[in-house]
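Q: Below are the chains, spelled out letter by letter.
2 protein chains.
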Amino acid sequence: MNATTDPQKRTALAPEDYSGPVTLMNQFHVAVGRDDAFVALWTATSEYFRAQPGFRSLRLHRALLDDTTYRFVNVANWESIEQFRAAHATAEFREVVGQPAWAEFPSSPALFEIVVEAQR
Amino acid sequence: MNATTDPQKRTALAPEDYSGPVTLMNQFHVAVGRDDAFVALWTATSEYFRAQPGFRSLRLHRALLDDTTYRFVNVANWESIEQFRAAHATAEFREVVGQPAWAEFPSSPALFEIVVEAQR
Chain A
218 MNATTDPQKR
228 TALAPEDYSG
238 PVTLMNQFHV
248 AVGRDDAFVA
258 LWTATSEYFR
268 AQPGFRSLRL
278 HRALLDDTTY
288 RFVNVANWES
298 IEQFRAAHAT
308 AEFREVVGQP
318 AWAEFPSSPA
328 LFEIVVEAQR
Chain B
218 MNATTDPQKR
228 TALAPEDYSG
238 PVTLMNQFHV
248 AVGRDDAFVA
258 LWTATSEYFR
268 AQPGFRSLRL
278 HRALLDDTTY
288 RFVNVANWES
298 IEQFRAAHAT
308 AEFREVVGQP
318 AWAEFPSSPA
328 LFEIVVEAQR
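For the protein sequence lines, the chains are A and B, in the order given.
Following the working numbering, the numbering of the first sequence begins with 218 at its first residue and continues without gaps.
Following the working numbering, the numbering of the second sequence begins with 218 at its first residue and continues without gaps.
Each hint should be verified, as a subset may be incorrect.
Which copy? The list can't say, so a pair holds if one copy fits it or any two copies do.
As the list claims (entries may be wrong) - Derived DMTMM-like pairs (lysine to aspartate or glutamate); straight-line CA-CA distance at most 20 Å: (1) K226 - D252; (2) K226 - E309; (3) K226 - D284; (4) K226 - D253; (5) K226 - D283; (6) K226 - E321; (7) K226 - E312; (8) K226 - E334; (9) K226 - E299.
Please keep in mind that the hints were generated in silico from the structure rather than gathered at the bench.
Keep in mind that this is a model prediction, so the values were computed, not measured.
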């Protein structure tokens, strides 16, 4: 997972034949002192995703230690890979992630499936 | 976040003055073909944590693409940093993570706080 600022590479990939729910983990490089600017940009962008069919939930995490490589990590759950792909194939998506302000925050997205789940 | 096989470094750190709930993200290097061995070892280890005071929930994720740097990521929520620390300060913890089998799976743990949360 290498961080990118290229809008074309802001989308995580999956094998062609995968079907089922997916979890996106998107890690962001955010300089210390730039948290407010990042969270504002990220929140505006996340509004697009939250309105798309198949979106289930998200959590944006901030590292407790400043020297963590990726200080922000978004973990987002989608009902299906098809709906995740559809949300990343629109003109609105390209516009949202193509904003010049995003160049400051390289990201490293990857898709996962949940293999074990437990709750107290 | 550099991966380690050192049992002493298997614990994520937080600032001394932090208090409140924490989310652990622990990323693991797992060779393709070794998923079953990893999940078996991880599940046995997680039983220790699931029994500790303050444990809330966990999800073990597997990357959909084999060339993802860290193919497995555990995301675990704890009620407080104090309880997280206490769970990592016992003789049983050191025994569990000190198992020779763990040397095959370097991990890169980090602690986070949740800054934005949304659900459909």
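Q: Confirm or reject each hint.
A: Verification of the hints:
no.: 1; hint: K226 - D252; in the structure: neither (23 Å within a copy, 27 Å between copies)
no.: 2; hint: K226 - E309; in the structure: within (16 Å within a copy, 43 Å between copies)
no.: 3; hint: K226 - D284; in the structure: between (25 Å within a copy, 16 Å between copies)
no.: 4; hint: K226 - D253; in the structure: neither (24 Å within a copy, 31 Å between copies)
no.: 5; hint: K226 - D283; in the structure: between (26 Å within a copy, 18 Å between copies)
no.: 6; hint: K226 - E321; in the structure: within (15 Å within a copy, 31 Å between copies)
no.: 7; hint: K226 - E312; in the structure: within (14 Å within a copy, 42 Å between copies)
no.: 8; hint: K226 - E334; in the structure: neither (30 Å within a copy, 25 Å between copies)
no.: 9; hint: K226 - E299; in the structure: within (18 Å within a copy, 39 Å between copies)
Checked against the numbered hints above, the structure violates hints 1, 4 and 8; every other hint is satisfied.
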